[in-house]
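Participant: These are the residues of each chain, in order.
There are 2 protein chains.
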Amino acid sequence: MKGTSILLAAMAMPVIHAAKPKNYVFFLPDGYGPASETFARDYANFVDEATVKLPVDSFAIGQVRTKSSDSLVTDSAAAATAYACGIKTYNGAIGVDGNHLPCGTVLEAAKLNGYLTGLVVTSRITHASPAGFATHVYDRDMEAEIAEQLVGYSHPFGRVVDLMMGGGKCFFLPQSDENSCREDDVDLWSTAQKRYDWTMTSSREAFDNLHKGESGDLPFAFIPANSHMAYEADRDPQREPSLTEMAITALNLLDRKAKEHETGFFLFLEASRIDHAGHGHDPIAHLFDIIEYNRAMLAVKHWIDDHDDTALLSAADHECGGLTLGVPDYAWYPSVLARAEHTSEYYAAIYKDIVHFNSTEAQRESLIIDRVFGDYGIDNVTPKEIAGLVTANSAAIFLGDLLSARAGINWSTLGHSAVDTTLFGYGLNTEKLVGNFENIEVGHFIAAELGLKLKDVTEQLQANQNFVKLIQPNVKAKKLLKRFQLEHEHDIMQAHTRKH
Amino acid sequence: MKGTSILLAAMAMPVIHAAKPKNYVFFLPDGYGPASETFARDYANFVDEATVKLPVDSFAIGQVRTKSSDSLVTDSAAAATAYACGIKTYNGAIGVDGNHLPCGTVLEAAKLNGYLTGLVVTSRITHASPAGFATHVYDRDMEAEIAEQLVGYSHPFGRVVDLMMGGGKCFFLPQSDENSCREDDVDLWSTAQKRYDWTMTSSREAFDNLHKGESGDLPFAFIPANSHMAYEADRDPQREPSLTEMAITALNLLDRKAKEHETGFFLFLEASRIDHAGHGHDPIAHLFDIIEYNRAMLAVKHWIDDHDDTALLSAADHECGGLTLGVPDYAWYPSVLARAEHTSEYYAAIYKDIVHFNSTEAQRESLIIDRVFGDYGIDNVTPKEIAGLVTANSAAIFLGDLLSARAGINWSTLGHSAVDTTLFGYGLNTEKLVGNFENIEVGHFIAAELGLKLKDVTEQLQANQNFVKLIQPNVKAKKLLKRFQLEHEHDIMQAHTRKH
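In order, the protein sequences belong to chains A and B.
Numbered as in this note's numbering, the first sequence ends at 574 without a single skipped number.
Numbered as in this note's numbering, the second sequence ends at 574 without a single skipped number.
Don't read these hints as lab results, they were simulated from the structure.
Mixed in with the good hints there might be a few duds.
Since the list gives no way to pick one copy over another, a pair counts as held whenever it fits inside one copy or between any two copies.
What the hints assert, rightly or not - EDC-like cross-link-like pairs, simulated, lysine to aspartate or glutamate; straight-line CA separation at most 20 Å:
#	residue 1	residue 2
1	K331	D271
2	K127	D144
3	K162	E123
Throw the hints in and build the complete structure from the sequences for me.
Facilitator: Right, dumping it as structure tokens:
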């Protein structure tokens, strides 16, 4: 009897080499907590009763535990490193462990294994989340160094990124440029083009050519904004494409080039500014960046329907703002959010303009009630509220909190919170991640799906003694970094003869 | 070609009658929002580093959308009715739709189909959640009427519940009893025993006999508390068993009797007071009731491992308190919660005692600092905080908010919030509920799994014209109700000759 059952078991489970996706998309909605999803869905349902679910609702498969190594509440740097390297590290760490040693990321491992790679975000491309996938610095604020590593200028492997879209041009410009955020004369914008073959552009037209046609080569960087790209609610389509447009353009370009090179790709997408809106307590910015994230997720889903060798995972790094729907109690009102056409930042800027108008105080107050409070959706403003705006540290946050209170929602913190985020998946094998996972498990899963060994990449990075020394947090190292960059540049150029 | 593909399709999909569970458990953790899960897990990990997941983390399969028909923020009554009847209704509604018409519940449908049924909770058994599964009143506060329907006294189908465990004895006692919450002379405690064959007991010993042995008959009611049962942190095990003990005792008894009668069972379990602790802003009560919910879920899981004809679904009705982990920012500290051995209600009661001590004010203040603030875990109390306790509307909520602030967590509301809750499943076919669902879909799923037609039950209930009239919200109806109960009682007795 026992023999029989073993035989049956063996027959029932033939050894099958499971199919794996050729391309992987990891889509990070920064600061998108559980309440943010209900929030946007309730609004969508208010606008159109037929909308009972958000697009991403249909892809929900689990939850992600997000704590970092030094706090139960992670920041975006530690969280990006967790997803990218599969390790827990301290808040602020970009691609380094608790000893400031570099860790191999899934993007770097993909690159070393011949995949094409892309980073497409709406924040500065040098911001914590994209940085965590392709660079190594001990402090997320070292965005100048991050920019250098992104183009290949000071990365131990040279250029590991093939495609970049996002904001943050200022960190690529030398300090002589009025738009520069750098404190040195490094002109990465030119250097990237001259020495690393990057096409660097800020032009919407150049993007559109890429978007429409079959042209475009890698490496390609589209960086249309000096700092972050606009919130979706404030976006000028003449200047900046939507995240959805960027995502699909990136997918098409990477897919076409990957097919030419008989390889696959890894693409990191980020709806970066859902988070910024949480920090800023602005329900309008939060709402429309969430809706754009949902649009982009749906577009990626449709793209995958036509490219079933591609898989998608998506999960936030953390919640942001401590959003509660139903304060003081038992109701909240999406209708209150229906009037504003722009974010609180936009109306705060108008307020600052009005303050300087050459008019009577009564005229200015009338304009503030009408064009600031009113246009943002705040009715029946009290004198105390007007006085509050005048004395507020941040007019934008003041307006956001006020509109939120009118809508019956509340922000509990200006930072992040510890609640698990929701995990979304679509495509081959993603059903294996049904359940509750540590963020690092998501990184390991993607690496395994692409057949990548992160540990090997970590060893290669850490074997580079110069680089390891240079990214340690001390002043001497910072000085050495410059020399290293110059010396190293030549080696990198030699190593990169093949251009995607 | 077309013919071939149809043939292939037919071949590929043989008609298989899928296996269905014989028994179903629906376990409701009242007020258990997403942040509550992270909260308890972080604490468990602080106490024992080896604990990286809560038991329920392993059963997470999806999310539940919770809004009611009249608010985006549901109450427990509308939510229980949604799970039980599979309909959206207004906040406050118990087993009735928007027209105050009764709707058939999964428990009633199970009973009419020969299943055994149970309600096991830690609140009053007459509270909204259990009431929504077995009774029909237009307002959740009609707990006297709910008690009547629970024992069979005024339910159109007579007795639909076979097993009850929970608090709320006061609604079964006539107003002459000093513990009564009733405003009439109906003695349900006696009537239930005399006329409906209930075993009614408050005795922990009687429970233990049931727990240990193979004895015990249905219908059986164990109601050891006059109002709600104790919070787990304050529970006296000499008087009240834990939720885990009640859950397993109920499962064993229902299973034994179901096997005798060659049928299955439907059991509603509730960790009722996670919610009360959220309303009360008490992290200690919240924490230990959540941990007990997790213990009970794990025990049910183990029970199912030995009884694989049983399936388990669990989801909260709503979040409660607007809990945020990480206020003001980027950290929260479970260690702060490690000292208290009891809830804020417990220490508030001690405070009230101390206030009446015959001693000097300085002595009383010293005691309050030591035995109230200190024992609850609040160190370095300021004079302002002591004054705050004295003038607080609720000493318990004041203490809870203060301890929460020390721990870096925040409660945004005294009510519920709209965020989706997490769906947990274990056992046969529960993997079909991976994703994001409306709460009513969960009810329909359970009904389908047990082969129940809720619509038929609703029709039967609504065909009872007297009952329909009687539960309409007007004064005349309330008077008629008493007459109906007396007239109806005879019919019910006739209908119920078979006793489980």
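Participant: Hint by hint, note whether the structure agrees.
Facilitator: Tested hints:
Only within a single protomer do K331 and D271 lie at most 20 Å apart by alpha-carbon distance; the minimum there is 16 Å, versus 77 Å between protomers. Taking CA atoms no more than 20 Å apart as the test, K127 paired with D144 passes between copies only; the shortest distance there is 18 Å, against 36 Å inside one copy. Taking identical chains as interchangeable, the C-alpha atoms of K162 and E123 lie at most 20 Å apart only when they sit on different chains, with a minimum of 15 Å there against 42 Å within one chain.
Violated hints for the displayed structure: none, as all numbered hints are satisfied.
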